[in-house]
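There are 2 protein chains.
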Amino acid sequence: MTLDPVLSRIDADLPQALDRLMALLRIPSISTDPMHAADCAKAADWLAEDLRAIGFDAAPHVTPGHPMVVGKGGDTGPNLLFYGHYDVQPVDPLDLWDRDPFDPALEDTPAGKVIRARGASDDKGQLMTVVEACRAWKAVNGTLPARITMFFEGEEESGSPSLVPFLKDNAGMLTSDIALICDTGLFDAKTPAIVTMLRGLLGEEVTITGPDLDLHSGMYGGAAMNPIRALAGIIAALHDDTGRITVPGFYDGVPELPKAVAAQWQGLGFDAGEFLGAVGLSTPAGEQDRSALEMIWSRPTCEVNGITGGYTGAGFKTVLPSKASAKISFRLVGQQDPLKIREAFRAMVREMLPPDCTAEFADHGASPAAQMAIGDPAFEKARQALSDEWPNPAAYVGCGGSIPVAGYFKEVLGMDSMLIGFGRDNDAIHSPNEKYDVESFHKGIRSWARILAALAG
Amino acid sequence: MTLDPVLSRIDADLPQALDRLMALLRIPSISTDPMHAADCAKAADWLAEDLRAIGFDAAPHVTPGHPMVVGKGGDTGPNLLFYGHYDVQPVDPLDLWDRDPFDPALEDTPAGKVIRARGASDDKGQLMTVVEACRAWKAVNGTLPARITMFFEGEEESGSPSLVPFLKDNAGMLTSDIALICDTGLFDAKTPAIVTMLRGLLGEEVTITGPDLDLHSGMYGGAAMNPIRALAGIIAALHDDTGRITVPGFYDGVPELPKAVAAQWQGLGFDAGEFLGAVGLSTPAGEQDRSALEMIWSRPTCEVNGITGGYTGAGFKTVLPSKASAKISFRLVGQQDPLKIREAFRAMVREMLPPDCTAEFADHGASPAAQMAIGDPAFEKARQALSDEWPNPAAYVGCGGSIPVAGYFKEVLGMDSMLIGFGRDNDAIHSPNEKYDVESFHKGIRSWARILAALAG
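For the record, the sequence lines run as chains A and B.
According to numbering that gives the first Met the number 0, the first sequence is numbered sequentially starting from 0.
According to numbering that gives the first Met the number 0, the second sequence is numbered sequentially starting from 0.
Note that these hints are calculated values from the structure, not bench results.
Just so you know, nobody snuck in bad clues.
Which copy? The list can't say, so a pair holds if one copy fits it or any two copies do.
Below are the SDA-like pairs computed for lysine to any residue, each with C-alpha atoms no more than 25 Å apart in a straight line:
{"id": "1", "residue 1": "Lys322", "residue 2": "Thr241"}
{"id": "2", "residue 1": "Lys322", "residue 2": "Ala277"}
{"id": "3", "residue 1": "Lys137", "residue 2": "Thr174"}
{"id": "4", "residue 1": "Lys167", "residue 2": "Asp336"}
{"id": "5", "residue 1": "Lys322", "residue 2": "Asp32"}
{"id": "6", "residue 1": "Lys322", "residue 2": "Ala235"}
{"id": "7", "residue 1": "Lys322", "residue 2": "Pro431"}
{"id": "8", "residue 1": "Lys322", "residue 2": "Arg98"}
{"id": "9", "residue 1": "Lys322", "residue 2": "Thr311"}
{"id": "10", "residue 1": "Lys409", "residue 2": "Asp176"}
{"id": "11", "residue 1": "Lys189", "residue 2": "Asn425"}
{"id": "12", "residue 1": "Lys189", "residue 2": "Gln265"}
{"id": "13", "residue 1": "Lys322", "residue 2": "Thr206"}
{"id": "14", "residue 1": "Lys322", "residue 2": "Asp91"}
{"id": "15", "residue 1": "Lys258", "residue 2": "Ile373"}
{"id": "16", "residue 1": "Lys322", "residue 2": "Gly232"}
{"id": "17", "residue 1": "Lys322", "residue 2": "Gly312"}
{"id": "18", "residue 1": "Lys322", "residue 2": "Pro92"}
{"id": "19", "residue 1": "Lys322", "residue 2": "Asn425"}
{"id": "20", "residue 1": "Lys442", "residue 2": "Trp45"}
{"id": "21", "residue 1": "Lys322", "residue 2": "Glu273"}
{"id": "22", "residue 1": "Lys380", "residue 2": "Tyr395"}
{"id": "23", "residue 1": "Lys322", "residue 2": "His238"}
{"id": "24", "residue 1": "Lys322", "residue 2": "Ala271"}
{"id": "25", "residue 1": "Lys322", "residue 2": "Arg243"}
{"id": "26", "residue 1": "Lys112", "residue 2": "Asp211"}
{"id": "27", "residue 1": "Lys322", "residue 2": "Glu204"}
{"id": "28", "residue 1": "Lys339", "residue 2": "Ala236"}
{"id": "29", "residue 1": "Lys409", "residue 2": "Asn78"}
{"id": "30", "residue 1": "Lys322", "residue 2": "Ala236"}
Model, not experiment: these values are computed from the prediction.
Work out the full structure, taking the sequences as your base and the hints as a guide.
Spelled out as structure tokens, the structure:
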């Protein structure tokens with residue numbers, strides 16, 4: 000069981016690995032849109048078949064939502080579970096894409112070759128780095144270096160409604176020594192990263208109703224309460240002038256950053272100006288007494304992810320609408336309690352409602368923040384393996400995004416997670432023109448081969 | 000030239016008149032939507048042909064936008080111009096309609112028969128009351144009682160971009176002794192009204208840009224400015240706690256209501272509770288020191304007619320959007336200067352922008368308020384004619400809606416306007432399930448016959 004031939008095999012097989020990824024990217028598996036349910040099933044079938052081709056005992060498992068793909072392979076070594084998700088974000092606004100989001104292509108860019116498509120980075124490209132590492136290992140050694148469970152979800156981008164029930168019903172099949180989650184990024188192009196802190200996520204949708212029906216703003220304007228005005232007032236009040244979030248009790252359970260962690264982050268040389276400059280910004284918009292790195296890794300947030308009300312088409316319509324609604328999410332850290340914050344948010348909205356307005360709420364998920372078990376020796380082994388592959392040593396970092404599955408693995412299966420991925424800040428995940436660097440894909444596959452060797456050795 | 004046979008003819012011809020209106024309502028002439036340009040042309044052709052059938056010399060006139068229909072008929076008596084518009088508002092949200100908006104039908108309701116369709120009240124049904132009155136007059140007397148110019152616009156619901164140039168280019172053809180505009184409502188079901196004050200309208204669209212592209216709210220949330228948050232802050236600041244509008248200089252030129260007018264309005268017995276209760280509201284939402292009738296007739300307003308940003312589809316998407324936009328309109332009174340207010344609004348928005356945000360503005364029209372020349376004897380003649388037709392005497396009223404054409408007639412052609420119409424507060428114009436009462440249509444036609452007789456006599 001030697002590593003070098005596996006790495007050589009990975010290098011030689013890269014064109015075929017890219018072709019396989021393209022085939023998966025062509026399936027428009029948008030999980031939040033019921034119109035794409037059949038596509039999600041198709042992506043699950045594709046993955047199960049590909050896993051079987053490498054010798055895994057693999058199948059899609061039916062859920063009330065989209066299928067879960069589970070594949071088991073290997074008969075010696077530690078029990079490792081690999082998690083990824085095959086579903087992708089919606090693609091609108093479509094007119095901002097330079098090509099069909101589901102017609103993937105390799106493109107040359109000044110920074111190197113990239114794979115352009117919805118899901119290229121989040122998470123199909125990342126997920127396939129794991130599959131390709133196993134494929135190469137199997138091809139060279141005839142077997143896998145560990146007892147591996149592949150576990151690919153199809154509802155990550157839509158709140159994972161079936162995940163916890165599935166974990167509970169299949170605990171025996173899934174529980175492993177550790178979970179390896181490939182859905183995060185590099186620290187920078189030369190520095191791989193292992194995420195040790197993940198923000199939680201609370202998703203809320205609020206719909207304010209004023210009049211019973213849409214009104215003519217000339218006939219009623221002035222006398223009738225406009226729900227957009229009410230909603231804007233509530234949203235404007237969610238932050239104070241210093242960028243702090245005003246929901247009562249919101250900061251309960253938000254810890255100060257430990258000095259050691261703060262020192263390590265300081266050493267990373269994070270350039271806030273460059274980070275924001277890459278997307279046309281210059282001024283950190285969060286709590287004014289916090290660094291930009293804290294704002295995205297270790298501080299909680301409140302963002303409006305969508306708002307709509309009245310006439311939004313071309314031209315103008317003098318309507319005074321009956322309803323206005325917003326999708327609002329909170330990123331959570333430390334011991335913040337998502338359910339308490341949901342109640343506090345809803346109470347605050349109800350309290351701010353002008354006369355004649357009512358509010359309805361929809362629940363879009365609630366997961367607490369997670370802290371990884373970096374005392375586990377697997378973390379140091381993986382960090383060394385990553386450092387062997389990339390120019391700079393691997394860093395322990397925070398992550399602003401929410402990957403609730405890590406919390407569920409701990410809660411339901413008692414299993415710790417290690418989060419390693421190869422995305423880049425400019426991958427435009429969840430945005431038009433998403434891409435994944437071919438270097439991320441190639442060195443990502445090589446990284447997993449090294450990590451497998453380290454964990455098995 | 001006697002009136003009674005004309006009224007009888009109107010009564011007898013009502014079923015056919017309704018059929019003609021239905022035919023016009025079937026044409027989806029939504030002027031703001033470029034997809035419906037051909038439908039607007041079709042409606043113009045239909046009207047010109049119908050006018051020719053009554054003996055008018057009528058044709059659609061090409062403009063850079065939708066056609067203007069002009070028809071001339073009659074060779075004795077005063078020069079009267081009748082104005083209406085054949086274009087209609089968009090129909091979304093379509094799922095709130097109980098039937099296809101362009102498949103009109105007669106429906107029985109507890110308050111009597113209604114014609115249900117987009118445009119039934121605004122303004123196809125109203126416009127056809129004028130045409131049908133002329134048709135009956137011609138059928139009975141073989142001629143018209145006045146020199147009549149029919150003038151039907153197709154861009155009223157989309158800012159009338161071609162109107163002023165057309166008036167200027169065709170002043171000789173259009174200028175008359177007085178314009179009769181049929182696009183307003185009854186005071187209540189028993190009381191006809193002549194509008195003597197019309198609010199002006201300033202339409203603005205503001206788009207706020209934060210980051211260059213849509214971002215992942217986990218990766219960037221907290222550090223990157225969210226343009227929805229910026230837009231909500233601006234909208235929330237447009238009114239103060241007492242309901243006053245905060246745009247600097249906004250109230251310059253807003254007059255106090257003359258005591259005589261206030262006294263007449265007092266006598267109308269307007270029931271604010273009933274007016275608001277009919278649409279599910281109870282509390283007047285405007286300036287707290289004003290009556291509800293002032294709020295809708297004689298005070299200026301600021302309304303958000305539409306807002307959009309981020310992900311607004313089904314489910315949830317954790318996007319931090321690049322852009323957010325709102326359509327905002329101001330109703331203007333007295334001597335308020337629309338262009339000054341536009342500049343003040345834009346300056347206020349720019350001043351409130353957080354760092355890294357930019358604002359772009361689109362212009363959706365600017366018309367000042369209008370005051371009618373009620374000293375003209377035509378007003379008293381028309382008031383008497385209306386009082387003869389309806390249970391209660393006709394009232395002089397204000398109108399919250401904006402009918403800029405009255406201002407343009409005065410400004411470009413030096414022509415005064417008289418605004419008489421038969422719509423009702425619950426017609427749901429600009430809303431789903433628009434309707435026009437058959438009684439409004441029938442007595443509207445009879446009213447015009449009486450007014451024609453009075454003005455010609």
